[in-house]
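Peer 1: Below are the chains, spelled out letter by letter.
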Amino acid sequence: MRSSSRLLALGASAAIIFAACGGGASTAPTTAPTEGASTAPTETPVESMAPFKACLVTDTGGLGDKGFNDNALKGLKDALAAGYATEIKNLESKKDADYASNIDLLVTDGCQQITTVGFNMGDITATKAGENTDIAFSIVDYAYDPAIANVTGIVFATEQAGMLAGYLAAGVSATGKIGTYGGLPIPPVTDFMDGLYAGIKYYNQEKGTNVSLLGWTPGVGGAAGTGVFAPADNPWGNTDFGNNQAKAFFQEGADIVLPVAGGTGIGTFTAAKQAQGEGKKVYAIGVDTDQYLTAPGFESVILTSIQKIIDKAVADAIKLAHDGGLGGTNYVGTLENGGVGLAPFHDLSNLVSADLSSGLDALKAKIIDGSVKVADYKS
Amino acid sequence: MSRLPIGVASIIWSLVAFGFAVQFFLEKAYIALGVEILIVIAIAVLSRSAGGRTFLNRMKLPVLAIVSAFIVGGIVLILSDLEFYTKFGLDPIGTLASSLGRVAEAYGALIVGALGDPGKISTALASGNANKIGIALRPISETFLATTPLILAGLGVAVAFRSGVFNIGAEGQLKIGAMFAVWVGIWVPLPGPFHVLLALAAGILGGALWGFIPGILKARTGAHEVITTIMLNAIAQQVMLALLLSPVLQPPGGTTPISMPIEASAQLPLLLDLPKLRVHLGLVIALLAAAWTSWLMFRTTKGFEFRAAGLNPRAAGYAGMHAGRTIVLAMVVSGGLAGLAGASEVLGTTHYLSPTISPGYGWDAISLALLGGTRPGGVVVAALLFGALRAGGPGMALATGVPIDLLAFISALVIMFVAAPRLVREIYRVKLTATAPSTPRPQETPT
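Residue numbers (our numbering), protein chains in the order written: chain E, 12 to 390; chain D, 18 to 464.
So here's chain E without its partners, still in its complex pose:
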């Protein structure tokens, strides 16, 4: 009895204290218009600019993946900085059922352009674009055939950059063995691995070497390829698997490993760094972003990265919408338009001889002019 009345009394008195000091202060945190509060004040739009709200729905991988979700958000931030958008918002999805509700929530919130991420959102983006024909959508890693009038599908020819990575790895490898594994056996992943295979094969033909690839054999004539993949319950964040698989590859004699499995790859970087500590000359190749920059601590390990320039494509789609366009085309990032490419070699550039470097440039030129096709080197 006594304790409860005391509790109420304490509560009431505390409330009064708060009333005395809280009124003015409580408005302070509400003014920031964007998610990233730190960027908000510096990019306050000038008065004359028409407001344009660009929004993002991540897939279940969420922000912090240092992959396509983070990159798509960077695209939004770049658009904000460049003035194509005056306000940006984002929502993370935790399950399939969230995609529809998150898009609905952003539509209700007044978003004029909405970016979605990943093939999981392919169908729902098409549906919601149909429901909201006045809103411009773009979707990363997905394209429609035929294209939808108010959607920009953003896809990447990663096999082209992957082929360069294969050529590079074959030239750098001292043991003549390269390893790779994927997150899931799906084209956005296996395209990297097909490219890697093709690049190694091209190198072998050009130099008469016999460099081999462990962990992936492309399928022939439309059949699925076979290779090593992470356990499906946690394909993108399983650092234990990434670590063990890299060690297994090193054991088999590989000295360069390409993990195509998001955060799982960090485990591979760790294994390579550990092996370097034991005096082995082993390296890894990053994916999606320049992981030399996005995975700090592994500078000595990352030979290069197969980059998809997602942020630029996302920002371009926002610019399109800002300028009054809605979409209706698919964007394919290639070596030619700079949408995919190899990241700089940074600290490991001494591993790449002038000969190898010029060979890479020649291959790149041939892929761009169409005289070398990745598909011709898949078997």
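What the hints contain is simulated information worked out from the structure, not anything from laboratory work. Errors might be hidden in some of the hints.
[Said to hold, decoys possible] Lysine-lysine pairs mimicking DSSO-like chemistry, simulated, CA-CA at most 27 Å apart:
id	chain 1	residue 1	chain 2	residue 2
1	E	Lys64	D	Lys149
2	E	Lys384	E	Lys323
3	E	Lys323	E	Lys77
4	E	Lys106	E	Lys77
5	E	Lys64	E	Lys77
6	D	Lys137	E	Lys64
[Claimed, not checked] To be clear about the criterion: a stretch of chain E counts as covered by chain D if any three or more of its residues have a C-beta under 8 Å from a C-beta of chain D, and this derived list gives those stretches:
id	region
7	104 to 114
8	189 to 197
9	237 to 250
Keep in mind it's a predicted model, so treat the numbers as computed, not measured. A virtual CB, placed ideally from N, CA and C, is assigned to each residue, including glycine.
Could you slot chain D onto chain E? The hints should help.
Peer 2: Just chain D now, kept in the frame of chain E:
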């Protein structure tokens, strides 16, 4: 003996509550304030020694656990804001006040995100515009939508717990159930109600099968169900992925692990035919399942055997009950309910299957069973709370920029406090006899 902890707790909570008042009275969201006042009154009422009133006694622990979790969540929200540290030295009172305002704002947005804005709802209803009504009612619809699989999976785990079987496999049972249901939804040509009923039955069957395996393994070989159900979760995920990448579920020419959409005749009908409202018949099924579970556990001989096995398997054996059969049956019922959760999700909400169908409903189910005191009614209430947290999260993130991961943190804290009744008892100086009859009386500790 000091009353310090309860004093501190009530001060913090009152500050948060008053933050609500300031923020939301002005913005005419009375509901936030109302809920706050109710919670504060609830603390006060429950702080009284409720003596013989067992219901109040039973509610004490979960309510206090929830309140504690939100308080700790608020503190973490304040302390995780880097600006707090830089500004605190300059203006401690103002900074603290604005931080508390931020917490209040986040929790307020959470409540509005989960229940809707009463102002908007009344204007929308008055306008009679279907689209506006849909948008205004969307939050509460989303809460019920998120609650549906949680109730079903929570019931499944609760039945097993009551029967003395620790079914950690609801996640796998749910996925197998979803898979069976989707298969029927895609391939079996049947007209309207028969199709959806068969798909639901298939979901129950799939989950029951996935529950039967650890049940029979335990009954026949003594294999511990915690180990086998966890392993079966991993197997379920792999089986599901394999089938999603095969012609069994994948559309022709498909390359990604997403199934074909189910036939319209296999879809669970929506409860309200208004734009944006996704809540479907699965909610009604879940509530019926709760009633059925309650009847099964407390009104039937089988249920008595389940509970007897849970309380003391040896005594149940002496009384002539067949222990092995009870375990298997309890696991089948448990798995079937979890399977129904998966079926309801694919037949009612997504209409297709993919590996990310569940954000961990099966794991939440374990928490819900504990929070609900392994009683069907308790599970429903707990599922509503978790459903509201899940559904209100995006609204909170959108309005205030607070990441939804805070809510996972709060859910975990709720469970931690429920699992540690003594901690709650020490903080709030209350008796929790009904919820924890066998735990020893608290030691006197200096505070």
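Peer 1: Next, verify each hint and record whether it holds.
Peer 2: Structure-based check of each hint:
1. Lys64(E) <-> Lys149(D): 21 Å, holds
2. Lys384(E) <-> Lys323(E): OK: Lys384(E) and Lys323(E) at ~25 Å, within 27 Å.
3. Lys323(E) <-> Lys77(E): 16 Å, holds
4. Lys106(E) <-> Lys77(E): 20 Å, holds
5. Lys64(E) <-> Lys77(E): 24 Å, holds
6. Lys137(D) <-> Lys64(E): OK: Lys137(D) and Lys64(E) at ~22 Å, within 27 Å.
7. 104 to 114: holds (count 8)
8. 189 to 197: holds (count 3)
9. 237 to 250: holds (count 3)
Hint compliance for this structure: no hint is broken.
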